[in-house]
Structure formats: C-alpha cells, structure tokens
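Residue numbers (our numbering), protein chains in the order written: chain Z, 1 to 428; chain P, 429 to 731.
Think of the hints as simulated: they come from the structure by calculation, not from any bench. You may find that some hints are simply not true.
[To be verified] Rough simulated footprint, nothing fancy, chain P against chain Z, three-plus residues with beta-carbon under 8 angstroms:
| no. | region |
| --- | --- |
| 1 | 190-196 |
| 2 | 202-209 |
[Unchecked claim] Some chain Z residues judged to face chain P by a derived CB distance under 7 angstroms, without partners named:
| no. | residue |
| --- | --- |
| 3 | TYR272 |
| 4 | TYR313 |
| 5 | GLU318 |
| 6 | PHE319 |
Even glycine gets a Cβ: it sits at the ideal position worked out from N, Cα and C.
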Amino acid sequence: MSGLRIRKARVLDPASGRDEELDLEVEGGRISALGRDLPGRPEHVVEADGLWLAPGFVDLHSHLREPGQEYKEDIASGSLAAAAGGFTTVCCMANTDPVNDSPAITEYIRRRARESARVRVRPIAAATQGLRGEIMTEMISLTKAGAVAFSDDGEVIRDAAVMRRVLEYARGVDRPVIAHCEDPDLRGAGVMHEGGCSTACGLTGSPAEAESVMVARDLELARLSGAHLHIAHVSAGRSVELIREAKERGVRVTAEVTPHHLTFTDEIVRNYDTNAKMAPPLRSARDREALREGLADGTLDCVATDHAPHAAYEKDVEFTAAPFGVVGLETALPALLAVVRSGALSELEAVAKLSHAPARAFGLRAGTLEVGALADFVLIAPELAWKPEPSDLRSRSKNSPFLRRELVGRVVGTFVAGERVFDLGTGS
Amino acid sequence: MRHLLGIEGLSREEILRLLDTAEAMLEISQREVKRVPTLRGKTIVNLFLEPSTRTRVSFEIAAKRLSADAINLQASGSSLSKKETLADMASNLEAMNVDLLVVRDRTAGVPKMLADRVRIPVVNAGDGAHEHPTQALLDALTLRQSFGSLEGRVVAIVGDIAHSRVARSDLLVFSALGAEVRVAGPPTMIPPGIEALGVKPYFSLEDALAGADAVVVLRIQQERLEGALFPGEREYAQNWSLTRRTLALAKPEAAVLHPGPINRGVEIASEVADAEPSRILDQVTNGVAVRMAVLYQLTGSEQ
Ligand SMILES: [Zn+2]
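With the hints as extra help, turn the sequences into a complete structure.
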C-alpha cells in the first residue's frame, strides 16, 4: 500500500545538502520517494506548508534512568520526551542502577525499549565494571548485545593506564569510548564554574582547566591507542582548541556540545537556581563563544543533550546539595535555532548538528532523508514562539534551565519508521 | 527593601538609612530600661542551620530590645534534614505565622532560596562563603564612628578572602560608601575574579597595610591552614599576623576590626587585639544596634 505523503515541506537534508520545498513519501517504514508534485494517491497526507522536514534527531547522550531510577525517568517517559523534541534515536548512558556493564543489562534495556519506547533506543555500556575505573567491561560481548559505545559518564576514569587499556580494547570492536572530562581532584567540591560569578555567589568553583587537562590526557591516549575517542559535553574554550589541534594531527576524536552550554553562561547561577547546576558547569561568555565557533567549524561534531532528569524534590535543596544535571531533549531544537540567529550556524548546519552529524560520529544508520532510508523524520515550526512551563515537558522530570524562557521554534511532529510518534497538535 | 539577603543589591542610600537607624538604636541600648515597644506582638524566628552563638545572641538581644518575640530554631544535623526540601521548610515556617525570618546556613544561597519561597521578610545572618550583611553594616557603622565618613578612606581586609562571607559583604559595603578597599592574603586565599568586585588584591601584608586607615582581620579557620591553601599555622602567624610592628605601617590611629572570635597569636597578636586602636568590642555593641535597625526596617510600621 502507498502509505504516507508529507506535502510541500521545506526539506532540509544535510546528508545530501538538499534544502528545497518537496514532497516526501513513505512506504513500508522507509522513504520511498522525494520530489516535487509526486504522482499517485497515498493513504495519508500531511500538509506541511511552512514547516521544515528534517531527518529525525539523534542524541548521543541521554540518561533514561531505567533500570533503577524510574522515579526520575524511564524508557517510556524518556522516549516520549525524545519524540517531543524531535529525536528518533537516543543513546542511553550506562549509569543506571544496576549499571549497564553486562550483556544481560544491555539486553534488558533493549527489551524494555521494544516494549515501551516510542523512538529507537541504543544503549551505551559502561567502560569499566561498576563504573569503578578499574577493570574494563566485556566489550566484545556487550557490542554483540547491542552496545553502541562505551562510557563511564558521570564517573571519570582516574587512572590513565586503565583509560589507555579501555581505548585499546574498544578499538578491537571499533566502537567509540565516550569520555566525561573533568579531573576529579581539580574539580574538588566545585559546584559551578570558577570565576567572578563563583566568587560573588560564594560557591566553590571548578576551573575550566579541570576539563581541559583531562581532554589533553585523553587526546594523548587516543593518539597512543589509535582508538576512537568521543569527548562528551565540551564546556571550555581551551578544550575546543585542544580538540581542533588533535584533529589536525589526525587523532580519531569526535566531540559533542550540549544545548545548555551553547545557550547559557555562569551568570544564570547567580540566583542559585539548581536547574542551572550540571557537570561540567556553565562557563564564561568567552567559553560559550568558543563552543559556538567550534561547532561551526566542525571541531565539535554535533550536539548532544546530556538529558539528565532529577525529581523536583531532589533539586529543591541547597545549591551545593542538589544533584548535577538538567533535562534537555525537548528544548534542544529551539536552543540550536537561537545559535542560528546569532549568526554562528546556517539552518541546514543546525539540522545537521542534531541529526546527520551525530549519526555519522557513531556510525549509526540514521540522520538522512535519502530514498530507501528508514523513515525517521521530524516536522518543525521554525517561527513558533513558546515559553516552556513544567507541564509542557513530557519528561517525568522538569529540571530544565530553559523553563519560562522565550524560545523560538518547536517540533510539531515526529515520525519513526513512518509512524507518527508525536503530534503537537493533538498533544500526543 | 523587602529582605536583607546581602549588601549586593543595596543602594548607597539604603545603606546610609540603615546606619542612621542603627545610630538611633544605639541610644536605646544605653538607657536604663533597654527596651522599646516598637515591635510588640511580632514574632521573629532565628533559624540557625549552622551553629553560631555570637550572631544568634546578637539577633536575640536586638529582637528583645524592640519587644519582639524571638524564637531560636537550631538544626541538629548539618543542613536540611534528609528528604526535606526548601519548599517543605518554607511552608512549615509560614504555618507558624512568624513575621520575620533570620537565617544562618553553611551553604551559600539558602537565605535567598528561602526568601523566594516565603512571603515574610528574610534576613541573611551569614550563608556559606557568600555574604554576612549585618556584620558588614556593623563594621561600616564602627568605621563611621571613627572617621565620620568612609569616603576616600583606605580599608585593608586581611585573611582567607576566598572562604569569607564577611570579606565579601565588607568589601561591598565599604566600596559603596566610597572607601578604597584592599584585600590581602596568600594567593591561595584570594578568589578568582575578585577585581570585578572593585577591589585590589595584595599578596603581602606590608604592602596592603601601607597607609591604610583601617584593617579588618579575618578569622583564620584551622582546617584551612591544614588544608591545601596554606602550609601551616606557624607560617601564617609569622607572615600574616597583625602585630604592633605590622600595624605601624598603617596610618597612626588606624582602626582594627575583627569579626570574632579571635585566634590570638594566629591572625592577630594580643598586643593589638587588646590595645587602643582596636574597635573589636565596639563592633559587638554596634552589632546589636545594626540588627535592631534591620528588624525595625523590615517589620516596622514604616514600610
Ligand atoms: Zn557526563
């Protein structure tokens, strides 16, 4: 049967560089045709005049909290948040309870995803057993079980020799190792960026160098091992320089940046809003500028949300006691469109950084609208202004620094394998 | 002024009005019957989540002299009890129908966070390494008594600036009143970006004291001396202690302030603490007057 046609959308497909008004047709869960005034009468037609049609977004860094912390989020609620944000593929981090450090847990997550997820969920397994930074995980078996990458995110592999062996071993399965770069000793008790703001607030700061010294170490180890290193949530301008230089020398490194680090600076911590507390912290305006430049010139390959849900009661405590992390799946697109308005990125580039670029970084089959590809795509109202209230967010947790701020651009429809998994109009 | 959460955000006029009110309150403290009925029927809660006898007693005396009922709530543990949120605490306090909340906490930002969640005025009685505005106001009052005005005066603040809420509030209030503020200590105790607050850092006690009109000596906490910030007490005492010799570098009759309690022989020598230019006991007297002024302005009829 001829299934679904999206009519007269502005198609933005970074893989082909296409940016024009076209119809897109889906059959059997795949894109079957792309063109002007397609012939025939499909069963369903969506009129998309004035909307953008882009590949479904791909998030390389989400915490879906299942198993173990379902009161913060689970795969069902997290995937609903993903769909509402335009993400059709989400890679979920290993710091669940129990930790995803064995094939049984990886298989459990994939089964739960099949049962309850609206979007594609790809597990990231731990790099070391129990995230303890000592003994590496069974990476070959984990890869066979479906792990797409390895990371101790949230914890840092302190011992450089362990990190070296992890990288070397991961090279054997040709999967990236994702590094959360923060030197735990330099960071100390830091709860925000160290600088004039931390001094004025009286909060302990963590210097940008807590990140960049670890980035430098891991880049050297990536070069030594020849492995693919992926640097998570880059926050410091100096880290961008180090990554740029390593790429020039041919080190196999990719890197991501979050929407919140591209948007905010440490200034928003001044009122002790615990929804502005995450690791690494929001840094200076100069750092933010360097992140935008790094994203534009490709030093930072893509955007990843570091979606980290926490219950309201966990965040409604003293700033120092609140957990690190913010939700991000549902506000990534408008955050990127604000970067577009700042002049740092084109519209097509912004779409690429959310879809094609992350898919390419991890070698995932996603992020393209070519004929024959899986029909994972998103419809966007680029001019739609909104101020997110907690009730607008589908995530079980509402810990967003974007709450009640004026945003422009919103996902109105999300499709996975041609099935509509999110419709802003009907609210489902 | 709805709350007193810090010196930051206060205008010069608001500061001067508080100091003028405090001067009037000083007079009450010198009467035979040290009590006026101004705040009769008002209830003030002193919520001290970090223990502090001096500041709490000072607030308590201030409340009593204005005929308010003062209730002390002290935390048994270190901070909020497990699983209690700031919203829980705020609604509990509101349910007690109190008129003003005085908050001391070991964490920066807690008075501000509570103020965002309650409808009553909140006074910050010291929060972590952030601010201690009533201490700064009493220091400013003490210096004003010495000099008449702080305009153009040079004030050096010496010690662990990075971890001191007194330093932050002091430098803000002195700068607002027109003084030139120097902060001095070993570089590990000077926080990054301090220049943005309008002060100049000094890494030598002698340089900082040269020509100063006043010196604020901060209390050195033992745990900092034994931590990574400083090699030890002996080195600190030999190089950073305010002694008769180092004080001689300042202007004659320079005022010496210390927020107390003092560590004799560490940050200040007894010969200085107990001698004439020291205003340490005046500070205690002024502390009660300043706190009376704050309570009066925030709960009194004149709002
Ligand atoms: Zn991380």
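Tested hints:
1. 190-196: holds (count 3)
2. 202-209: Holds, because 5 residues of the region 202-209 of chain Z bring their Cβ atoms closer than 8 angstroms to Cβ atoms of chain P.
3. TYR272: Where the cut-off is 7 angstroms and the nearest Cβ of chain P is about 3 angstroms from TYR272 (chain Z), the hint holds.
4. TYR313: holds (5 angstroms)
5. GLU318: holds (4 angstroms)
6. PHE319: Cβ of PHE319 (chain Z) sits 5 angstroms from chain P, so the hint holds.
In this structure, every one of the numbered hints holds.
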